[in-house]
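Q: Each chain is listed here by its residues.
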Amino acid sequence: MTTIHQYLGPLIAVIVAAVIAYVYTSYLSYLASKNEIIKEYFRDLDEIEAMVGEYWLGPHELPEHNVRLTTVGHQLRAKLSSTDLYSDVTKSILGEKIYSKYEKLDVELFMAATGGNFQTKAMAPCPATYGIVVSKIHELKSALQEARTGMFWKR
Amino acid sequence: MGEYIMIELAKFSKYPSGRDAGDGDFNGARFRDEVLVPAVKAAQAQNKKLKVSLSGVMSFGSSFLEEAFGGLVAHEAATKAFLQKNLVIEPGQPSYKRYEIAIWNYINKAG
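One line per chain: the protein sequences are A and B, in this order.
Start counting the first sequence at 0; every next residue gets the next number (numbering that gives the first Met the number 0).
Start counting the second sequence at 0; every next residue gets the next number (numbering that gives the first Met the number 0).
Just so you know, not all the hints are guaranteed correct.
[Stated by the list, open to error] Keeping only pairs whose Cα atoms sit at most 27 Å apart, straight-line, the calculated DSSO-like set for lysine-lysine is:
| no. | chain 1 | residue 1 | chain 2 | residue 2 |
| --- | --- | --- | --- | --- |
| 1 | B | K40 | A | K103 |
| 2 | A | K103 | B | K108 |
| 3 | A | K100 | A | K38 |
| 4 | A | K33 | B | K96 |
| 5 | A | K100 | B | K79 |
| 6 | B | K79 | A | K78 |
| 7 | A | K100 | B | K96 |
| 8 | A | K120 | B | K13 |
| 9 | A | K100 | B | K108 |
| 10 | A | K120 | B | K10 |
| 11 | A | K78 | B | K48 |
| 12 | A | K96 | B | K108 |
| 13 | B | K96 | A | K103 |
| 14 | B | K13 | B | K40 |
[As the list claims (entries may be wrong)] Listed below are several chain A residues computed to face chain B (Cβ distance under 8 Å; list not exhaustive):
| no. | residue |
| --- | --- |
| 15 | N34 |
| 16 | E35 |
| 17 | R76 |
| 18 | S80 |
| 19 | V106 |
| 20 | G114 |
| 21 | G115 |
| 22 | Q118 |
| 23 | K120 |
| 24 | C125 |
| 25 | A127 |
Don't read these hints as lab results, they were simulated from the structure.
Glycine included, C-beta positions come from ideal geometry on N, C-alpha and C.
Given only the sequences and the hints, what does the whole structure look like? Please build it.
A: So, in structure tokens, the structure goes:
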């Protein structure tokens, strides 16, 4: 009996420490997973920016580039469509305030990147459109960065 | 008044593209003139609302959406007030909400 009581205190301390370590490690893993998802959104935006540059600055007036630029147009449209913005996972990752800002910017990006003469016979290089789209992309990245830093440093 | 005239955009095309006939067969002007305008007229005549489902369409370019839906107001086939009261856009899936928002942006800034 005396032996058990001698070890009971340290045993409880070890168990409590293990539980705290487990909870904290799980929380850090959770934050790391959220961070990885946000990094994927960054990569999506990088891909979109590259395609937008090729499409909106490309020489559409030159027939030898038609196939490539047409392909880029379809890829851009598909990429924009596939970004999984509107899932509940995304909402929970970004939080309400940042999500509503991101949603508005996402629509503006879509309208700019695939508007105007996109996929029409009148399509021609348009640096102004490219500038607008790139600006929207960087605003989106800024919103993502805000979400990312907010995960670790609460104000 | 609770009934809808239903349009499934995917039946027009699963990959609509462009603004007019020179841009391809399944363009925005054709969808507007052959599908939307008759549906708007029917909705007005029968005092029904109009519901457009985006489900089943693979993706959109906003040039198509502007020509089709913004064009309803720009070409005076329907007023903004009528569409705001009687048009329902059904995205079909969460990620298509951006198309629904874009459609309303085009309708609201047209004319």
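Q: Taking the hints in turn, state whether each one holds.
A: Cross-check of the supplied hints:
1. K40/B x K103/A: Since the Cα atoms of K40/B and K103/A sit roughly 32 Å apart, the hinted pair is violated (cutoff 27 Å).
2. K103/A x K108/B: 16 Å, holds
3. K100/A x K38/A: Holds, at about 18 Å.
4. K33/A x K96/B: Cα-Cα ~23 Å, so holds.
5. K100/A x K79/B: Measuring from Cα to Cα gives roughly 26 Å; hence the hint holds.
6. K79/B x K78/A: Roughly 31 Å separates the two Cα atoms, so the pair is violated.
7. K100/A x K96/B: 15 Å, holds
8. K120/A x K13/B: With a Cα-Cα distance of about 20 Å, the restraint between K120/A and K13/B holds, given a limit of 27 Å.
9. K100/A x K108/B: Given that 27 Å is the threshold and the Cα spacing comes to 21 Å, the pair holds.
10. K120/A x K10/B: 24 Å, holds
11. K78/A x K48/B: This hinted pair is violated, its Cα atoms lying about 33 Å apart.
12. K96/A x K108/B: Holds - the C-alpha atoms of K108/B and K96/A are around 26 Å apart, at most 27 Å.
13. K96/B x K103/A: Holds, because 11 Å separates the two Cα atoms, which is no more than 27 Å.
14. K13/B x K40/B: 24 Å, holds
15. N34: 22 Å, violated
16. E35: 20 Å, violated
17. R76: 5 Å, holds
18. S80: 4 Å, holds
19. V106: 5 Å, holds
20. G114: Given a least distance of 4 Å, the restraint on G114/A holds.
21. G115: Holds. Min distance 6 Å.
22. Q118: 5 Å, holds
23. K120: 4 Å, holds
24. C125: 12 Å, violated
25. A127: 16 Å, violated
Going down the numbered hints, you'll see the structure goes against 1, 6, 11, 15, 16, 24 and 25, while the others check out.
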